[in-house]
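Here is how the chains run, residue by residue.
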Amino acid sequence: MIPEISIYEILTVTSILFFIGVYGFITRKNLISILISVELILNASVINFVVINKYLYPDMLQGVVFSLFIIAVAAAETALAVSIIIGLYRQISSVEVKDVETMKH
Amino acid sequence: MERIVFYILALIMIVFAVASVTSRKMLRSVIYLLFVLCGIAGIYFLIDYNFLAAIQLTVYAGGIIVLIIFSVLLVHHIEMELEIAKTSKQILTTVSCLLGLGIFLITIYSHEFNVIENSLTTTTSEVGTKLLSYSDGGFILPFEVISVLLLAAMVGAIIIAKGNKLTDKKDNPA
Amino acid sequence: MNFVNIILIPLVPLAVFLLLGIFNQKIKPSVSGYIGVAGLLVSTLLSLNTAYQYFFVNGKADGVYQTFVEKTVWMNFTDTLAIDMGVQIDPISVMMLLVVSIVSLMVHIYSRGYMKGDDGYTKFFAFLSLFSFSMYGLVLATNLFQIYIFWELVGVSSYLLIGYYYTKPSAVSAAKKAFIVTRFADLGFLIGILIMGFYTGTYDFETLNNPEGSAILNWASTSFMGLSVLTWALILIFIGGAGKSAMFPLHIWLPDAMEGPTPVSALIHAATMVVAGVFLVARLFPMFYFVEEGFALNIVAYVGAFSSLFAAIIAITQTDIKRVLAFSTMSQLGYMMLALGVSGYEGHEGLGYMASMFHLFTHAMFKALLFLCAGSVIHAVHSNYLKDMGGLRKYMPITNITFLIAALAIAGVPPFAGFFSKDEILVAAFEHNKLIYFVGVFVAGLTAFYMFRIYFGIFWGKDTKYEHKPHESPISMTFPLLFLALLSIIGGFIPFSEFVTADKAGFEAHLNYPLAAIAVGVGLIGIALAWIFYKKENDLANKMVNFFGPVYQWTSDKFYFDEIYLFITKKILFDRVSAPIAKFDKKYVDGTMVGIGNKTVLTSEKIKGMQSGKVQDYAFAFIAGVVIIALVFIYLWTD
Amino acid sequence: MDILSLFILVPIITILALVFTKGLKQARIVSMIGSLIQFGMAINLVFAYFKERATNSDIMVFIRDVVWFKDFNIHYNIGVDGISVTLLLLTAIVVLAGVFISWKMKDLPKEFFVSLIVLSIGVYGFFISLDLFTMFVFFEIAVIPMYLLIGIWGTGPKEYSAMKLTLMLMGASAVLLVAILGIYFNSNADGGALTFNILEIAKVNIPFEVQKLFFPLTFIGFAVIGALFPFHTWSPDGHASAPTAVSMLHAGVLMKLGGYGVFRVAMYLLPEGAQYWSWFFIILATIGVIYGAFSAIKQTDLKYINAYSSVSHLGLVLFALLMLNKTAWNGAILQSLSHGFMTALFFALIGMIYERTHTRDVRKLGGLLKVIPFISAIYVIAGLASLGLPGFSGFVAEMNIFVGAFEHEDMFYRIATVVSVSAIVVTAVYILRVVGIMLMGPVVNEGFLTLEKVTWYEKLGILLLLIPIVGMGVAPLWLSDMILESLHPFIQGVL
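Protein chains in written order, with the numbering used here: chain U, 1 to 105; chain V, 1 to 174; chain D, 1 to 639; chain A, 1 to 495.
It is worth saying that the hints were derived from the structure and are not from the lab. Hints may contain errors.
Residues from chain V shown here face chain D by an in silico Cβ test under 10 Å; the list is partial [to be verified]:
id	residue
1	Leu67
2	Lys89
3	Cys97
4	Leu131
In silico PhoX-like pairs for lysine-lysine, Cα to Cα no more than 20 Å straight-line [to be verified]:
id	chain 1	residue 1	chain 2	residue 2
5	V	Lys162	U	Lys98
6	A	Lys459	D	Lys26
7	D	Lys608	U	Lys98
Distance windows between CB atoms, simulated [claimed, not checked]:
id	chain 1	residue 1	chain 2	residue 2	range
8	U	Tyr89	V	Ala152	21 to 29 Å
9	D	Leu486	A	Phe374	19 to 27 Å
10	A	Asp410	D	Phe567	34 to 42 Å
11	D	Phe567	A	Phe374	37 to 45 Å
12	A	Ala193	D	Asp79	33 to 41 Å
From the three backbone atoms N, C-alpha and C, an ideal C-beta is built for every residue, glycine too.
Can you build the whole structure from these sequences, using the hints too?
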């Protein structure tokens with residue numbers, strides 16, 4: 001744990017990060033920007049895992065291990081997302097959300 | 001000392017996170033994200049998870065960000081400005097995010113965390129042992145699953161990215 | 001009493017109706033005429049037999065004619081109220097049996113000649129039989145509901161017969177008018193019956209009319225708006241009677257009803273159906289007399305007197321001979337009503353009642369005769385209008401004589417039937433109400449005038465050039481004329497007061513010579529005036545018309561009552577009530593329902609946009625939703 | 001097999017047989033045989049009922065109770081009393097007449113007859129059910145085929161009408177379902193298990209508050225199909241668009257489900273609620289009676305006239321039911337029967353006229369009495385019956401209603417009665433108007449002179465409907481006594 005820093009402060013920061021990510025996810029109109037926002041959200045939660053592991057159950061490692069998994073999954077997800085984005089760009093020359101709305105109506 | 005470092009890191013993260021989700025330049029937005037990720041790595045260092053911090057730096061900052069940058073460069077002109085959402089939507093989102101944040105914080109602050117004072121350092125080998133342990137509380141199965149997932153994602157990514165050509169071939173057998 | 005014979009009286013015409021109605025196409029017209037006449041002949045013989053048995057053999061006990069009732073339950077309403085079907089034999093029903101039988105038989109015979117060659121010959125006889133059946137049922141009815149049932153059936157037979165020439169629009173609308181106007185009156189009748197049934201607990205005439213019965217004794221127990229409920233009921237029932245008997249202001253259907261074939265007019269609109277209203281009041285006479293000291297009876301008297309005057313005035317100006325006769329009928333019906341209205345109950349007091357019934361009887365004979373003569377004339381000249389007639393006495397001697405007899409009878413010239421009955425009425429009126437008496441006398445004069453106006457107009461006056469030379473009608477038509485003429489002559493000598501009285505006891509009625517002299521005098525003046533005006537072709541009549549100017553015009557247009565009713569029905573009910581309701585239904589009621597449907601579709605059209613497929617929108621909704629739910633449940637709900 | 005379940009089973013067998021038929025000829029023969037068997041069963045049931053009644057004084061006879069769904073205590077519970085017996089007879093007759101009238105059905109005859117018979121299953125089932133839930137299921141079975149029948153075989157704006165009709169009836173069903181569940185969950189007010197059984201619930205004293213809440217829902221749920229003002233608007237459009245046989249069945253039978261349901265469920269199970277709310281629904285019903293009659297005056301489409309006339313006549317049924325006394329109820333049942341026959345007859349005749357002249361606009365018709373005398377004469381008779389002429393069923397029913405309604409001491413009810421009585425005049429106006437314009441007068445169209453004469457199957461259909469009308473009108477005693485007797489337990493429950 002970090003000396004002089006309480007768990008509250010860290011959780012505050014991660015919450016802020018999380019909501020910034022949410023804000024981005026909702027307002028951005030570009031697939032890549034949305035991906036970036038998702039990364040923010042994921043990271044905020046990863047920090048929570050780690051911090052709670054460290055502060056509350058220091059003799060366990062579950063939080064850390066889960067963080068690793070999350071990072072791995074995030075990596076896989078990013079790879080897939082990027083490939084989808086590129087594929088999409090080939091098809092419609094755009095990665096704007098509004099151009100991918102064929103599901104609507 | 002740690003306190004100051006933490007606050008600096010927190011400030012960096014928040015500022016760059018905000019910048020990242022509001023910037024109208026794609027590439028900048030990605031670079032700001034990089035700073036945020038580095039800041040997170042810093043936090044990991046602070047709480048003595050060095051291995052995790054290293055992973056964060058290599059996989060995220062090194063891998064994912066590069067991947068995103070590539071994709072940005074592939075599909076965008078660098079100067080291109082991004083569209084932004086309607087002001088009304090921004091405001092609404094902001095309001096609900098702030099409200100949500102408020103709820104989070106109130107919940108967090110009203111909860112008594114049972115903090116255990118400690119300064120244990122976790123070594124990489126401990127993490128490794130845990131990951132590969134197949135006794136109680138071991139993570140060998142998820143570990144394997146993640147491996148398969150990564151493989152599948154890799155294959156999938158390749159196929160999706162190449163998808164057009166495959167169909168082309170089918171369409172034109174000659 | 002042998003009730004089987006009596007029940008057969010209505011059932012035979014019913015059987016004839018069903019036979020002719022169902023095998024309408026299969027029966028030869030000539031055969032159907034015979035079947036109709038034969039059916040009615042049976043009924044007539046049975047009626048005569050009944051009358052003989054009742055009046056002379058076994059009807060009387062202790063000097064009072066008994067009431068015989070035979071009935072069976074037709075339908076149960078409540079534990080106490082039920083509709084019975086049955087026959088009631090008492091003086092007026094027996095008398096009515098005779099009237100209906102004789103006139104109906106004569107009309108049947110007459111129709112065989114009159115309707116010859118008509119497409120719907122069989123149908124015509126079927127309807128006539130239906131009418132006879134209904135009329136018999138009506139006069140024999142034992143209770144209010146039974147009378148109402150046959151009342152309606154009579155109305156519908158009248159509808160069918162007026163509309164007999166159904167391809168003629170005027171006949172169709174006349175039929176419709178007759179039915180709807182009387183139906184409107186029946187509405188009052190029905191409500192009256194409902195009230196009567198509820199408050200007295202019975203529909204039976206016997207129970208209701210018993211002067212010592214609870215219905216009459218307790219009339220004051222419940223009141224509504226200052227009058228006894230029974231008075232209200234009687235007034236409403238009288239409205240029904242007024243509708244059928246064409247009393248003012250429900251008279252408008254009767255002149256139009258002349259669109260029907262003339263025998264029909266003779267049977268239904270002169271002799272039988274139209275007297276149903278009078279019969280109804282007579283039927284309930286003890287109630288009318290005793291409840292609220294005869295309040296309702298006074299109304300009957302005044303309505304009768306007014307109608308009688310009103311119709312007599314209009315009759316003077318009409319040019320269609322059948323319409324003259326129609327208004328004359330209305331006027332005479334008013335006479336009967338006023339006679340009932342001024343009548344007492346016991347002994348000689350009940351002179352008005354007896355006079356009314358007497359007049360009903362004699363009037364049926366001579367008025368049917370008048371109509372049949374008119375039919376004979378119309379048959380000969382193919383027109384209803386006075387202007388197309390004149391000088392017919394040379395061509396149609398029998399019709400001339402019989403018409404003259406009938407006209408003298410209605411004008412009250414002795415010794416013809418009308419003189420006696422009219423005299424009794426005037427005596428009764430004189431004894432009770434002088435105003436009504438003077439109206440009566442005046443009407444008597446008017447009657448004589450208008451009747452001889454058409455008599456002279458038809459048989460004397462100018463010598464019209466006819467395209468086809470008119471000729472006397474065949475024997476099937478003249479026989480009824482002669483027969484009815486005979487009855488019109490001798491009918492007056494029947495000692496009616498021995499048989500038909502309010503308290504059924506019978507009394508001696510004497511001619512009141514001074515009053516009789518006045519009435520005859522007034523009648524003769526009327527005839528004399530008509531002689532002067534119309535005997536020879538002259539322009540006196542036209543001068544009079546010019547003299548009265550607008551008054552004549554009003555009268556000839558029947559005081560515009562038709563127009564007023566037309567205005568109320570067409571302009572107000574149809575255009576101001578019905579059309580808006582129809583529109584309201586389409587626009588608002590239906591509109592609301594359709595609107596709800598359309599709004600649903602619209603709303604779904606709108607909110608379908610929310611399902612945009614954009615994950616971001618969902619995310620926003622999700623976040624906002626979570627936030628709101630969290631806010632509500634965690635922070636607002638818990639404390 | 002018990003005598004009542006056959007009413008469900010025989011139509012099902014008929015449908016199965018219809019599936020194997022080919023073409024119009026086979027389809028109509030099979031349907032005719034099926035309906036004839038039904039008709040025979042219905043007549044047999046009347047006699048069986050009298051026989052049973054002589055020895056059995058239960059409220060319902062021929063009861064059969066099979067557990068259907070145990071957890072919620074839903075039973076397949078059937079039984080009849082005098083009222084349902086007469087209504088079953090009505091249904092059987094109208095269905096049979098409907099088959100005759102559809103003798104020349106051109107499009108998809110097999111499917112048409114199948115739908116028609118499915119509809120009849122729903123109606124039969126509804127009339128014999130003693131279990132609220134089963135009743136509701138049959139109600140739905142009766143309503144659904146309507147959509148197909150109108151939507152596929154209709155005329156004019158058929159999809160619109162079918163949609164409107166189905167949606168409104170479904171809306172009513174939704175309300176009804178709530179009400180039924182409400183009754184169900186209060187059926188243990190005196191202790192005991194929750195039940196859907198009508199006879200059991202009737203013995204329970206459901207709390208007044210609950211009755212007050214659920215009576216309007218039940219009433220409206222059923223009354224929509226009984227064309228209560230202002231929920232009647234589906235009926236004119238629906239009838240106008242429906243093919244002849246469907247109009248007959250719909251107006252003749254299906255609309256009776258409303259009155260019957262109100263009587264069996266709303267009045268019987270929630271009597272205090274009925275008393276509490278009666279004034280309000282009396283107003284609606286009275287408005288419906290007058291309003292329907294006045295609307296009919298100004299219509300020009302024959303089917304619309306008849307549809308509004310139905311609104312008026314069925315308003316009278318609901319009006320009588322709300323009067324809460326035996327005579328009026330007797331009148332209501334009689335009126336249901338009488339209107340069932342009369343309106344079916346009317347629609348049959350209108351169908352025949354339409355088939356020949358290809359118009360239903362009264363303004364374009366005229367002088368039909370001359371060219372198609374049989375149909376026209378029957379139309380006149382039906383019209384006279386409809387305006388309540390003695391000797392026909394309508395008179396008997398209306399007089400019971402009016403006398404019964406007048407038994408109510410309250411001034412408000414009296415006034416409502418007088419207002420309703422006045423509808424007999426308005427009825428006369430619109431009936432005679434149509435008769436005058438359409439049947440009488442000169443022949444307006446040269447083409448009418450060559451109209452086809454009436455055929456044997458049409459005659460059969462007409463006579464099937466006309467005979468009960470006259471029969472009820474001439475000798476009402478046995479029928480009305482049979483109904484009165486069956487009303488005894490109900491009236492005791494209510495008052």
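For a quick check of understanding: which of the numbered hints are violated here, in increasing order? Failing hints, ascending: 1, 4, 5, 9.
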